[in-house]
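Listed below are the residues making up each chain.
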Amino acid sequence: MDDHTLDDVFARARALTPEDDGAAARFLAGHRQRAAQRRTVRAGWMSAVLASAAVVTGLLVSHPDTTLPASAAYDAYRSAAGDGW
Amino acid sequence: MNDPHAALPDDQLVRLAVRDERAFEALVTRHAPAVHRLAALTVGPGAADDVVQEVFIALHRGLKSFRGEAALSTWLHRVTLNACYKVLGARKSIPFEQTVEPAAPHDPVQVGEQHDLRARLTHALGTLPPDQREAVTLREISGLDYAEIAALTGVELGTVKSRINRGRAALRDLLTRAGVGP
Numbered sequence: 001m002d003d004h005t006l007d008d009v010f011a012r013a014r015a016l017t018p019e020d021d022g023a024a025a026r027f028l029a030g031h032r033q034r035a036a037q038r039r040t041v042r043a044g045w046m047s048a049v050l051a052s053a054a055v056v057t058g059l060l061v062s063h064p065d066t067t068l069p070a071s072a073a074y075d076a077y078r079s080a081a082g083d084g085w
Numbered sequence: 001m002n003d004p005h006a007a008l009p010d011d012q013l014v015r016l017a018v019r020d021e022r023a024f025e026a027l028v029t030r031h032a033p034a035v036h037r038l039a040a041l042t043v044g045p046g047a048a049d050d051v052v053q054e055v056f057i058a059l060h061r062g063l064k065s066f067r068g069e070a071a072l073s074t075w076l077h078r079v080t081l082n083a084c085y086k087v088l089g090a091r092k093s094i095p096f097e098q099t100v101e102p103a104a105p106h107d108p109v110q111v112g113e114q115h116d117l118r119a120r121l122t123h124a125l126g127t128l129p130p131d132q133r134e135a136v137t138l139r140e141i142s143g144l145d146y147a148e149i150a151a152l153t154g155v156e157l158g159t160v161k162s163r164i165n166r167g168r169a170a171l172r173d174l175l176t177r178a179g180v181g182p
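Residue numbers (my numbering), protein chains in the order written: chain L, 1 to 85; chain S, 1 to 182.
Among the hints, a few may not be true.
Stated by the list, open to error - Quick partial rundown of chain S residues pointing at chain L, CB under 8 Å, derived from the structure:
no., residue
1, 29
2, 32
3, 45
4, 56
5, 114
6, 117
7, 141
8, 168
9, 180
Unchecked claim - To spell it out: a stretch of chain L is covered by chain S in this simulated footprint if at least three of its residues, at any positions, have a beta carbon under 8 Å from a beta carbon of chain S; those stretches are:
no., region
10, 8-17
11, 25-34
Claimed, not checked - Residues of chain L placed beyond 10 Å of chain S at every Cβ, according to the derived structure:
no., residue
12, 42
13, 43
14, 45
15, 52
16, 56
17, 57
18, 63
19, 71
20, 73
21, 76
22, 77
23, 80
24, 81
These are calculated hints, taken from the structure and not from any lab test. Ideal placement from N, C-alpha and C gives every residue a C-beta, glycine not left out.
Next up, chain L with everything else stripped away, as it sits in the complex (with noise of 0.2 Å):
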């Protein structure tokens, strides 16, 4: 084999054949696919996280409000000065 014949089989060789003009295609495809994934996957934690969110603020808001103990200390201080202060 001389080395004319051996360029000719690297040129017959390096032509694209289907296999390699589709990798772009089956790469994408596959691509595409895990990046659906991880869109769905943070959707759901997402969804959880506000969900979390709404029963926290729903505890909050529907708790009723409750009446503070009336202080010794300020009971004490009104009786030593008085009213008229």
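Mind docking chain S on chain L? Use the hints.
Only chain S this time, still in chain L's reference frame:
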């Protein structure tokens, strides 16, 4: 309908692809055939899609940090060869002659002339020393010039030429014995 991204140069697409999936897809569409060809002739058609996947996942992850110091195609060649060596390393325990290379899963019945030629060439390339195989493959399959190969492999220009010459001489013998001709 033509994709407007198809006309943009690589460096611009890389910048856009950080936020625009269509730009990334344009890069894949442009470079995947050559990456697949290099992989198919290094590891065989059965594992070439795995290499393509690894290369473009690496590209997608590295878009933000890609500094553009080297051309994208040079970077892709380096990553492709590294992914191929990982596949070949996993096969190391099996003698090359006994390696059964499965047909490409997407086209199991195609046994054309080019498929056969590539299989023989892949086998012959696999018997070369790694540095010669790398230089010959980058020159004769990927079509890189000597300077690009020198930059990519980190060796002197003269060393690249010498490796290619020795690799080609060995291939002429190997392919003649394998009955490959014009």
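Against the structure, the hints:
1. 29: holds (5 Å)
2. 32: With a minimum Cβ separation of about 4 Å from chain L (threshold 8 Å), the hint on residue 32(S) holds.
3. 45: With a closest approach of 6 Å, the residue 45(S) hint holds.
4. 56: holds (5 Å)
5. 114: Where the cut-off is 8 Å and the nearest Cβ of chain L is about 6 Å from residue 114(S), the hint holds.
6. 117: With a minimum Cβ separation of about 6 Å from chain L (threshold 8 Å), the hint on residue 117(S) holds.
7. 141: holds (6 Å)
8. 168: Given a least distance of 6 Å, the restraint on residue 168(S) holds.
9. 180: Since the shortest Cβ distance to chain L is 6 Å, the answer is holds.
10. 8-17: This one holds; 9 residues, not fewer than the three required, reach chain S with a Cβ under 8 Å.
11. 25-34: Since three or more residues must qualify, the claim that chain S covers the region 25-34 of chain L holds, with 5 doing so at under 8 Å.
12. 42: For residue 42(L), whose nearest Cβ neighbour in chain S is about 15 Å away, the distance exceeds 10 Å, so it holds.
13. 43: For residue 43(L), whose nearest Cβ neighbour in chain S is about 17 Å away, the distance exceeds 10 Å, so it holds.
14. 45: Check passes; 21 Å lies beyond 10 Å.
15. 52: Correct as stated: the minimum Cβ-Cβ distance to chain S is 30 Å, above 10 Å.
16. 56: holds (34 Å)
17. 57: Holds: least Cβ distance 33 Å, greater than 10 Å.
18. 63: Nearest chain S Cβ is 44 Å from residue 63(L), so the label holds.
19. 71: Check passes; 59 Å lies beyond 10 Å.
20. 73: holds (61 Å)
21. 76: holds (66 Å)
22. 77: Nearest chain S Cβ is 64 Å from residue 77(L), so the label holds.
23. 80: Answer for residue 80(L): holds, closest chain S Cβ roughly 70 Å.
24. 81: Non-interface label on residue 81(L) holds, nearest chain S Cβ at 68 Å vs cutoff 10 Å.
Going down the numbered hints, you'll see the structure goes against none, and every one checks out.
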